[in-house]
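**Q** What follows is each chain in one-letter form.
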Amino acid sequence: MTTQRWVPRLHLISEPSVCSWERLTVLLPALLEAGVEAIHVRSRQAPASELLTVACTFRRLVAPPRILVVNDRVDLAVLSEADGVHLPEHGLRVAMVRRLLGGGRLVGRSVHSVEAAQEAVREGCDYLLFGNVFETDSKPGAPGRGLAELRAVAGAVSVPVIAVGGITPARVAEVLVAGAYGVAVIRGVLGADDPVGAVVAYRQEVDEVLRHGDPRRVERETRRTRWSADAG
Amino acid sequence: MTAWRGPRLRDALRLYVITDRGLARGRPESEIAREAIAGGATAIQLRWKTGPLSEALRVGRELRELCRQSNVLFVVNDRVDLALVLEADGVHLGVNDVPVADARQLVGQDMVIGFSPETLEQAIDAEAAGADYLGVGPVFPTRTKLDAGPAVGLGHLERIARAVRIPVVGIGGITVDNAGAVIRAGAVGVAVISAVVGADDVRAAAARLRQVVDEAAGLR
Numbered sequence: 000m001t002t003q004r005w006v007p008r009l010h011l012i013s014e015p016s017v018c019s020w021e022r023l024t025v026l027l028p029a030l031l032e033a034g035v036e037a038i039h040v041r042s043r044q045a046p047a048s049e050l051l052t053v054a055c056t057f058r059r060l061v062a063p064p065r066i067l068v069v070n071d072r073v074d075l076a077v078l079s080e081a082d083g084v085h086l087p088e089h090g091l092r093v094a095m096v097r098r099l100l101g102g103g104r105l106v107g108r109s110v111h112s113v114e115a116a117q118e119a120v121r122e123g124c125d126y127l128l129f130g131n132v133f134e135t136d137s138k139p140g141a142p143g144r145g146l147a148e149l150r151a152v153a154g155a156v157s158v159p160v161i162a163v164g165g166i167t168p169a170r171v172a173e174v175l176v177a178g179a180y181g182v183a184v185i186r187g188v189l190g191a192d193d194p195v196g197a198v199v200a201y202r203q204e205v206d207e208v209l210r211h212g213d214p215r216r217v218e219r220e221t222r223r224t225r226w227s228a229d230a231g
Numbered sequence: 000m001t002a003w004r005g006p007r008l009r010d011a012l013r014l015y016v017i018t019d020r021g022l023a024r025g026r027p028e029s030e031i032a033r034e035a036i037a038g039g040a041t042a043i044q045l046r047w048k049t050g051p052l053s054e055a056l057r058v059g060r061e062l063r064e065l066c067r068q069s070n071v072l073f074v075v076n077d078r079v080d081l082a083l084v085l086e087a088d089g090v091h092l093g094v095n096d097v098p099v100a101d102a103r104q105l106v107g108q109d110m111v112i113g114f115s116p117e118t119l120e121q122a123i124d125a126e127a128a129g130a131d132y133l134g135v136g137p138v139f140p141t142r143t144k145l146d147a148g149p150a151v152g153l154g155h156l157e158r159i160a161r162a163v164r165i166p167v168v169g170i171g172g173i174t175v176d177n178a179g180a181v182i183r184a185g186a187v188g189v190a191v192i193s194a195v196v197g198a199d200d201v202r203a204a205a206a207r208l209r210q211v212v213d214e215a216a217g218l219r
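Residue numbers (numbering that gives the first Met the number 0), protein chains in the order written: chain L, 0 to 231; chain U, 0 to 219.
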């Protein structure tokens with residue numbers, strides 16, 4: 000299958016220890032309205048029955064073009080009629096997932112190296128999630144893999160690479176300039192005092208870079224800004 | 000290949016061995032399963048609680064093949080997607096897993112669905128929802144499953160076995176010394192982890208358990 004699927008630029012990943020399912024359910028319509036394009040249902044701790052209930056609840060709140068993505072579990076994705084599945088680096092194989100999921104669904108994978116990224120593209124992933132780019136409380140003790148590694152991954156593959164891990168609105172431009180197609184956030188939104196305001200800030204940064212078209216131009220401008228700041 | 004659902008299932012549930020990497024003391028799942036089957040195991044369940052799924056896939060493929068060759072029921076715990084991908088004969092669900100009716104929708108009419116009820120009501124509901132067998136326990140105190148809660152006892156198993164038409168398997172703390180009582184309480188078989196997986200001689204442990212179960216069931 001070579002059908003090009005639309006890939007969201009701004010992803011929000013759930014984390015019930017930061018923002019409860021109940022609170023996220025209440026917030027979600029406003030977050031989507033503010034510019035979240037994909038909501039990922041994910042929790043390492045929550046049992047399958049709970050995740051299924053959440054995914055089915057979110058399904059009623061997420062309408063095209065925004066999408067609902069279920070992490071890891073294809074069974075839950077099928078049952079909740081999710082738009083996609085996000086696989087861990089060592090999760091199920093894409094071919095298996097597509098067989099269970101049927102056509103027209105988005106399948107992505109987390110990758111942590113150029114080699115894993117290339118392998119994920121070979122097996123047919125629609126997009127990749129690379130991180131953690133910066134240090135983050137979501138991965139305590141794991142140093143950021145950095146913008147250079149992000150650039151290497153994005154440069155090595157033909158599919159959109161979404162950057163994740165410690166990305167604040169102020170860092171969106173440099174992440175996109177490094178080659179990321181979009182960003183995924185957890186605490187940047189769910190841990191913010193004003194989650195909707197945070198989404199607006201991320202959205203503005205993403206849109207700002209997109210408006211400039213060629214990211215390299217943004218890079219020049221970013222550099223120029225930095226020079227003038229230094230000069231000032 | 001005859002379908003596992005239906006009358007054949009009772010025989011396939013006589014000695015149900017569940018994998019556990021922590022108890023296997025370094026021996027691979029495939030070795031444990033091969034020995035258990037040689038000793039008389041009638042069902043093997045892949046139970047995967049930690050570690051990457053890619054590893055569960057690799058192990059699962061080995062168990063799938065072994066069970067196919069030996070005509071033994073192969074069941075995957077918890078994950079319906081993994082059961083489908085591995086072409087398992089069955090999937091086993093608990094109260095916090097995908098609901099039985101939803102799982103039935105995913106797996107179709109051929110795959111066996113097992114369920115572990117915590118109450119009599121859940122047992123009756125699961126049968127109505129399409130479960131093919133029940134795993135009831137822990138019948139006796141066990142330390143294998145730390146989340147299993149206190150022992151429910153033989154009386155609980157007996158009440159459930161009387162209330163449903165689908166076969167019931169006893170699980171939890173079952174040894175050669177008490178397996179007979181589990182069968183006499185109404186179970187068609189016993190599910191074990193440590194009694195077989197943790198044994199020095201897996202084959203002999205499985206054979207002894209199988210003998211006790213068969214004798215209690217009046218098959219010998």
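Errors might be hidden in some of the hints.
Straight-line distance between alpha carbons at most 25 Å, and here's what the computed DMTMM-like set of lysine to aspartate or glutamate pairs gives [stated by the list, open to error]:
hint, chain 1, residue 1, chain 2, residue 2
1, L, K138, L, E118
2, U, K48, L, E49
3, L, K138, L, E173
4, U, K48, U, E30
5, U, K48, L, E173
6, U, K48, L, E36
7, L, K138, L, E114
8, U, K48, U, E61
9, L, K138, U, E64
10, L, K138, L, E49
11, L, K138, L, E36
12, L, K138, L, E32
The set of hints was computed from the structure by calculation and includes no laboratory data.
**Q** Are the Cα atoms of K138(L) and E64(U) separated by 25 Å or less?
**A** violated, 38 Å
**Q** Would you check the hint for K138(L) and E118(L), treating anything up to 25 Å between C-alpha atoms as holding?
**A** Roughly 24 Å separates the two Cα atoms, so the pair holds.
**Q** With the threshold set at 25 Å, check whether the alpha-carbon distance from K138(L) to E36(L) stays at or below it.
**A** holds, 24 Å
**Q** Please work out if K138(L) and E173(L) have their alpha carbons no farther apart than 25 Å.
**A** holds, 21 Å
**Q** If you draw a straight line from the CA of K138(L) to the CA of E49(L), is it 25 Å or shorter?
**A** holds, 23 Å
**Q** Is K138(L) close enough to E32(L), meaning Cα to Cα at most 25 Å?
**A** violated, 28 Å
**Q** Please verify whether K48(U) and E36(L) have alpha carbons no more than 25 Å apart.
**A** Roughly 32 Å separates the two Cα atoms, so the pair is violated.
**Q** Please work out if K48(U) and E49(L) have their alpha carbons no farther apart than 25 Å.
**A** holds, 17 Å
**Q** Assess, step by step, whether the Cα of K48(U) is no farther than 25 Å from the Cα of E173(L), and give holds or violated.
**A** violated, 39 Å
**Q** For the pair supplied as a hint, K48(U) and E61(U), confirm whether the alpha-carbon distance does not exceed 25 Å.
**A** holds, 18 Å
**Q** Need the status of pair K48(U), E30(U): alpha-carbon distance at most 25 Å?
**A** Roughly 19 Å separates the two Cα atoms, so the pair holds.
**Q** Between K138(L) and E114(L), is the straight-line Cα distance small enough, at 25 Å or below?
**A** holds, 21 Å
When each numbered hint is compared with the structure, violations occur for hints 5, 6, 9 and 12.
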